[in-house]
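Protein chains: 8
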Amino acid sequence: MAKVRVILGSKSDIKIGESIKEFLEKFGVDYDFHISSAHRRPDATALLAKNAESEGFSVIIAAAGMAAHLPGVIASHTTLPVIGVPLKGNSLSGEDALHSVVQMPTGVPVATVAIDGGKNAAILAVQILALSDEKIKQRLKKFKKELSEG
Amino acid sequence: MAKVRVILGSKSDIKIGESIKEFLEKFGVDYDFHISSAHRRPDATALLAKNAESEGFSVIIAAAGMAAHLPGVIASHTTLPVIGVPLKGNSLSGEDALHSVVQMPTGVPVATVAIDGGKNAAILAVQILALSDEKIKQRLKKFKKELSEG
Amino acid sequence: MAKVRVILGSKSDIKIGESIKEFLEKFGVDYDFHISSAHRRPDATALLAKNAESEGFSVIIAAAGMAAHLPGVIASHTTLPVIGVPLKGNSLSGEDALHSVVQMPTGVPVATVAIDGGKNAAILAVQILALSDEKIKQRLKKFKKELSEG
Amino acid sequence: MAKVRVILGSKSDIKIGESIKEFLEKFGVDYDFHISSAHRRPDATALLAKNAESEGFSVIIAAAGMAAHLPGVIASHTTLPVIGVPLKGNSLSGEDALHSVVQMPTGVPVATVAIDGGKNAAILAVQILALSDEKIKQRLKKFKKELSEG
Amino acid sequence: MAKVRVILGSKSDIKIGESIKEFLEKFGVDYDFHISSAHRRPDATALLAKNAESEGFSVIIAAAGMAAHLPGVIASHTTLPVIGVPLKGNSLSGEDALHSVVQMPTGVPVATVAIDGGKNAAILAVQILALSDEKIKQRLKKFKKELSEG
Amino acid sequence: MAKVRVILGSKSDIKIGESIKEFLEKFGVDYDFHISSAHRRPDATALLAKNAESEGFSVIIAAAGMAAHLPGVIASHTTLPVIGVPLKGNSLSGEDALHSVVQMPTGVPVATVAIDGGKNAAILAVQILALSDEKIKQRLKKFKKELSEG
Amino acid sequence: MAKVRVILGSKSDIKIGESIKEFLEKFGVDYDFHISSAHRRPDATALLAKNAESEGFSVIIAAAGMAAHLPGVIASHTTLPVIGVPLKGNSLSGEDALHSVVQMPTGVPVATVAIDGGKNAAILAVQILALSDEKIKQRLKKFKKELSEG
Amino acid sequence: MAKVRVILGSKSDIKIGESIKEFLEKFGVDYDFHISSAHRRPDATALLAKNAESEGFSVIIAAAGMAAHLPGVIASHTTLPVIGVPLKGNSLSGEDALHSVVQMPTGVPVATVAIDGGKNAAILAVQILALSDEKIKQRLKKFKKELSEG
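Chains as they are written, first to last, in our numbering: chain H, 1077 to 1226; chain R, 1077 to 1226; chain X, 1077 to 1226; chain D, 1077 to 1226; chain E, 1077 to 1226; chain L, 1077 to 1226; chain A, 1077 to 1226; chain V, 1077 to 1226.
Please note that a few of the clues may not be correct.
Said to hold, decoys possible - Only pairs whose alpha carbons sit at most 20 Å apart, straight line, appear in this in silico EDC-like list of lysine to aspartate or glutamate:
{"id": "1", "chain 1": "H", "residue 1": "Lys1087", "chain 2": "A", "residue 2": "Glu1222"}
{"id": "2", "chain 1": "R", "residue 1": "Lys1126", "chain 2": "H", "residue 2": "Glu1210"}
{"id": "3", "chain 1": "E", "residue 1": "Lys1126", "chain 2": "D", "residue 2": "Asp1119"}
{"id": "4", "chain 1": "X", "residue 1": "Lys1079", "chain 2": "D", "residue 2": "Asp1209"}
{"id": "5", "chain 1": "H", "residue 1": "Lys1218", "chain 2": "R", "residue 2": "Glu1129"}
{"id": "6", "chain 1": "L", "residue 1": "Lys1211", "chain 2": "E", "residue 2": "Glu1129"}
{"id": "7", "chain 1": "X", "residue 1": "Lys1218", "chain 2": "D", "residue 2": "Asp1119"}
{"id": "8", "chain 1": "V", "residue 1": "Lys1217", "chain 2": "V", "residue 2": "Glu1098"}
{"id": "9", "chain 1": "X", "residue 1": "Lys1126", "chain 2": "D", "residue 2": "Glu1210"}
{"id": "10", "chain 1": "H", "residue 1": "Lys1213", "chain 2": "R", "residue 2": "Glu1225"}
{"id": "11", "chain 1": "X", "residue 1": "Lys1213", "chain 2": "D", "residue 2": "Asp1209"}
{"id": "12", "chain 1": "E", "residue 1": "Lys1126", "chain 2": "L", "residue 2": "Glu1225"}
{"id": "13", "chain 1": "A", "residue 1": "Lys1217", "chain 2": "V", "residue 2": "Glu1129"}
{"id": "14", "chain 1": "A", "residue 1": "Lys1087", "chain 2": "E", "residue 2": "Glu1222"}
{"id": "15", "chain 1": "V", "residue 1": "Lys1213", "chain 2": "A", "residue 2": "Glu1129"}
Keep in mind that the hints were calculated from the coordinates and are not lab data.
Taking the hints into account, I'd like the entire structure generated from these sequences.
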């Protein structure tokens, strides 16, 4: 079964990580989870991207704040779709992270969601996996229906 | 075979539309193409989203400027992954469109790419399709390799 | 008598909803009140707009945060004047919602008030209704006079 | 018949003025037209607002750039609905005018449209007038229908 | 002796008003003090500007938040130098008030100080008065000297 | 007679310098004129500020772009009122210069005018000089009157 | 041995000062420490820069908020590398200080680090000193290694 | 002799590259020059950083636009000082690149210069090299002197 790799740039972002994991579990999606800074552990982080496909992952979610390079660095090392979550830091209201995640150059896209949008990153991953997994698709449709009734 | 639906919010965005189509063709991906404003043609636009899955589409790309609601409106009507392209308008340097596309509420993500990033929207669509299409995956890996040599 | 339809995008915006209702009541204006997300309940939300005129409403007030599409989506489905209230969210100081509400394309205006400006949305609705309701006009003039004395 | 008063802050904004007038004429709405800076001609400008109602006007459109005080100043002198058009100047991409027009204090709303959105200001005025003018309402519905077919 | 007129746009800005008064008193400058909104009390506010010179005032300090029109409105009614203090409101970090105060059109300047910079508004007023008042000039030089030693 | 010292940060700002000079001459105000960067010629620039008062100047106008330190540096070396003109550079739409000029710390105000607002800097200087010069005051009142008739 | 001069613009920034000192001590780098505002104590501050080289300093770190001129003023008086730390103030989320520190004109660079990035300023200073000090280089490599393991 | 490695993220930035090279040559500093995108050629780019020290380089200059990750990625792979030049792209006035370059996390600083500030990057590199090269220091002092006379 397709899996999602979740990577946070810093231990301090753990709350966002929990919201990502909660939603992946809600849809019964397998995942692994790492804290690995693009700047402090560049080689280990690159390996997480390079090995993802061969280890059976289909989508990577990367969340980081400030000059949030993590999603872009991951995207540079894989052809899997990479979902980026810009995080609000101590200054600039999260605009710095948003710019750093979304403004990727031609050839290396990052699928960016809202600032602090961990849940939506998980849902976007589920939407991608649902394209080739009927069970997940059904859960997704049920979720969509509940949203509209909520 | 999986297909991509491409929707522009306005005729004036046709140049971005061409760059999206060019890249989809480069990867041999089938697509259809519409100009349909979320604000001027809300019902027709909603139908493009609602019918996409049953018409055999797997991914939708939506590009719009200013208060760019098109990608979010499309996403509200489907569980398919929706890729949003914020376009630079006459004022505010494209920041208005970026905010309108990326800051979606929990439950309805839009996979946002860079301002005017039509080509990356196409590549992200290709990355998603490649998860279940070996031929596209090979083309994508070749493209990635060429990028690194270019 | 002319009525105002008030729609919030989310339960979490209830405080702004209260301030809108308080001011409409102060001027003796009839209204109904809904919480209906443009993204989570697109069809139900569209109906609130489509049916507004035939149900006797003259003005619609819509308040939402982040990529605040609600006012624009409402405006796409009616020729009634739509008043939009951008709400301050968790990040970007409300600038995202402001851009998403005000930067509407030609043909589909939203009458935008200040960030978190629920009271002013109500007053603007009252100003519009006062054009054809002498009683409301008198109350409005009294309010204006009190403002200048306050 | 209800009329619209159109006021520009400066001769240099004449192009926006033309687009406002063009749309008002398109809907057969009577209007008068002034160039009157809130800062250079404060008393004359105040009179345009104070006298508007007694002279038979129902809506005022005011367009200005930079620290665009004109719409707010007009709104301070009347209980008629005032529509503000922030104009893009030489610097700051129009964000200065947007902030100056939309961020009005409680009690004195300005119905703000997009930066350089003269046409939408006219349409919003038409939407307000249509509430009590069946002929204009029919033209508006025809316009809305054509939009969706365009 | 030359005097300073201090005007706040709202009772809620009283703390800034206190800091302005404290510094004027520190330099022995006479002043009067008003709370008078440009939007809620336009005529009374205009009179404060129009009568200032004949009432013996030399400088006017005006402080306001959001779409802070007060300083510009005051400046439109007098040839006295007007010092504007943009105030930080609930959203947009004070950038809305800064834009509304400083971006005045040619012919009607406002001498703008920092966001929430009430003390500096007072000092700037003192610097202007010191040009023709030897006693104030000596106090100012003493203050400057203490600053550099502090 | 009181004089104005005009300082530009760079030769490339000469056009703004001309507009300042033109308005000072229009009001018959004496001035001298310097191009002296705060960063490239710090000591010479400091002397222009330190000596201004003893050389008979009453007001200093300083114009600069980017990290526009010139007005603040001038203000640190004198108790004369300093008027700052932030200039629009190649990037950031002039917001960088605006922030650098206006956000001065307590004790050292700069009287900031609009981005590229050279003419208003001159008028503000004239307003200050007019407080103790009847001839200039009369010219200023005539100018104000013409503005309102223009 | 090469030394670092650390200068804060204000006593209120003392916490950032402590983080700078802590990291310099961690690497065994000698430093001295000053609180000296560019605006309130311009001459004393200029001397700190002018004398730094002859007093045996190799790098200067300067931290300031708002219109943060301190790093640029220091850089104008020395050819030593100057590291600037923009500090988040009460408004504008630190963007004002960032613009004021980084946007220096050609000829006078400031090596700018993140908003409130005192620790990184210290590390950058250490990186520069390590170029000619083997002991510091070894500590730096150990630190880099620990980062990647942390 | 110490050398500078210059890396551009894209061929389209060649003009900035030329200005960097021109200034390094002016000071007689040896350098090599590469165009190597952090996103398109991540491994080759990482090697440029990893090998820099052993190949005799002392400082690295990296220039990139949009989500400008290049300087941060380089900094993650070396303990040499890295100078980052944010470049103005097609949208957002260069603010995206500025945020992406300067807002680095603790432990991995990038010495950021102004948007499009290639020349200042070169001068900063020269300032660092001058700390241990008397000949370069003399040229730098001569340059500083000429600046003040220019």
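Here is how each hint holds up against the structure:
1. H/Lys1087 to A/Glu1222: holds, 16 Å
2. R/Lys1126 to H/Glu1210: With Cα atoms ~18 Å apart, R/Lys1126 and H/Glu1210 stay inside 20 Å; holds.
3. E/Lys1126 to D/Asp1119: Distance ~11 Å between E/Lys1126 and D/Asp1119 Cα, so the pair holds.
4. X/Lys1079 to D/Asp1209: Holds: X/Lys1079 and D/Asp1209 sit about 17 Å apart, inside 20 Å.
5. H/Lys1218 to R/Glu1129: Judged against 20 Å, a Cα distance of about 16 Å means the pair holds.
6. L/Lys1211 to E/Glu1129: Distance ~16 Å between L/Lys1211 and E/Glu1129 Cα, so the pair holds.
7. X/Lys1218 to D/Asp1119: violated, 23 Å
8. V/Lys1217 to V/Glu1098: holds, 18 Å
9. X/Lys1126 to D/Glu1210: holds, 18 Å
10. H/Lys1213 to R/Glu1225: violated, 38 Å
11. X/Lys1213 to D/Asp1209: holds, 18 Å
12. E/Lys1126 to L/Glu1225: holds, 18 Å
13. A/Lys1217 to V/Glu1129: holds, 12 Å
14. A/Lys1087 to E/Glu1222: holds, 16 Å
15. V/Lys1213 to A/Glu1129: Satisfied, since the Cα-Cα distance of roughly 11 Å is no more than 20 Å.
The structure fails hints 7, 10 (numbered hints given earlier, in ascending order).
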